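*Asks:* Line order of the protein sequences matches chains A and B. Take -5 as the starting number for the first sequence in this note's numbering and just add one per residue. Take 53 as the starting number for the second sequence in this note's numbering and just add one per residue.
Source of the hints: derived by calculation from the structure; they are not laboratory data. The model shown is predicted, which means the values in this text are computed figures rather than measured ones. Misleading hints may appear alongside valid ones.
[Claimed, not checked] Part of the chain B face toward chain A, derived, beta carbon under 10 Å:
hint	residue
1	Thr54
2	Glu76
3	Tyr85
4	Tyr87
5	Gln89
6	Leu95
7	Phe116
8	Ser123
9	Phe127
10	Asn155
11	Gly160
12	Glu161
[To be verified] Pulled a few chain A residues facing chain B out of the computed Cβ check, cut under 8 Å:
hint	residue
13	Leu27
14	Gly34
15	Pro37
16	Leu39
17	Ala84
18	Pro86
19	Thr94
Cβ coordinates follow ideal geometry from the N, Cα and C atoms, glycine included.
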Amino acid sequence: GQQLNQSPQSMFIQEGEDVSMNCTSSSIFNTWLWYKQDPGEGPVLLIALYKAGELTSNGRLTAQFGITRKDSFLNISASIPSDVGIYFCAGPGNQFYFGTGTSLTVIP
Amino acid sequence: ETGVTQTPRHLVMGMTNKKSLKCEQHLGHNAMYWYKQSAKKPLELMFVYSLEERVENNSVPSRFSPECPNSSHLFLHLHTLQPEDSALYLCASSHPGSPGAGNTIYFGEGSWLTVV
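From just these sequences and the hints, can you work out the full model?
*Replies:* Have a look at this one:
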């Protein structure tokens, strides 16, 4: 089946720094989704990408759909403490496939 | 508020108990899912219902029994669970059929289950 590899697995950054994480797939996706999960809560959709090359922003978050359709990137600018959580990428195929997550810690 | 509501949010049960998790979605979707999320593990798909019919059962033990009475409601009936079943159980919904371009999955807040 399709696998989504997400990196880095974890990040520890200072408040105010920018963050970048990515997700790669062994197969082509037609949609890329990015979620954030707070401790003890369900994942919440941050950004959805539907077209290769698409660049979409949601506040301080920016995500890009890779031109090869096998990867996607999520950037967070000027991080703040509430950005703490686990970020997941996902893509729909025969089912929804999820990355293993990037755990983000923001140090005030 | 994601449009997918799960109850209870927390549940502690003994290994001989019978309990149920409930999920309700208000998004007009026709596909609903149960996922299990254990500590430091990826999301594990348990069950998929599309148009109220079960289309996927990823070899889940029979002590977990799903029920989908209509397109807005999904239950997970639990009986004789084991301590290793303790996890966060997530309900989700999407449009029906094979997920394709433009399809998006929305999650509930999760039900924390502890088996003692």
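*Asks:* Is the interface hint for Tyr87/B satisfied, with its Cβ closer than 10 Å to some Cβ of chain A?
*Replies:* holds, 9 Å
*Asks:* Does the interface hint hold: is Leu27/A within less than 8 Å of chain B, judged Cβ to Cβ?
*Replies:* holds, 6 Å
*Asks:* With a cut-off of 10 Å, does the beta carbon of Phe127/B approach a beta carbon of chain A closely enough for the hint to hold?
*Replies:* violated, 17 Å
*Asks:* Hint validation: Phe116/B versus chain A, beta carbon distance must be below 10 Å. Holds or violated?
*Replies:* violated, 18 Å
*Asks:* Would you check whether Tyr85/B satisfies its interface hint, that is, whether its CB is within less than 10 Å of any CB in chain A?
*Replies:* holds, 8 Å
*Asks:* Classify the hint on Ser123/B as holds or violated, based on whether any CB of chain A lies nearer than 10 Å to its CB.
*Replies:* Violated - the Cβ of Ser123/B stays beyond 10 Å from chain A, reaching only about 18 Å at its closest.
*Asks:* Hint check: is the beta carbon of Asn155/B less than 10 Å from a beta carbon of chain A?
*Replies:* Constraint on Asn155/B satisfied, holds at 5 Å.
*Asks:* With a cut-off of 8 Å, does the beta carbon of Thr94/A approach a beta carbon of chain B closely enough for the hint to hold?
*Replies:* Thr94/A check passes; min Cβ-Cβ to chain B is 5 Å, inside 8 Å.
*Asks:* Under the criterion of a CB-CB separation shorter than 8 Å, is Pro37/A in contact with chain B as hinted?
*Replies:* holds, 5 Å
*Asks:* Hint check: is the beta carbon of Gly160/B less than 10 Å from a beta carbon of chain A?
*Replies:* Check passed: Cβ of Gly160/B comes within 5 Å of chain A, closer than 10 Å.
*Asks:* Is the hint on Ala84/A kept, meaning its closest Cβ partner in chain B is under 8 Å away?
*Replies:* holds, 7 Å
*Asks:* Can the hint on Gln89/B be confirmed by a CB-to-CB distance to chain A that is less than 10 Å?
*Replies:* For Gln89/B, the interface hint holds, since the closest Cβ of chain A sits about 9 Å away, which is under 10 Å.
The structure fails hints 2, 7, 8 and 9 (numbered hints given earlier, in ascending order).
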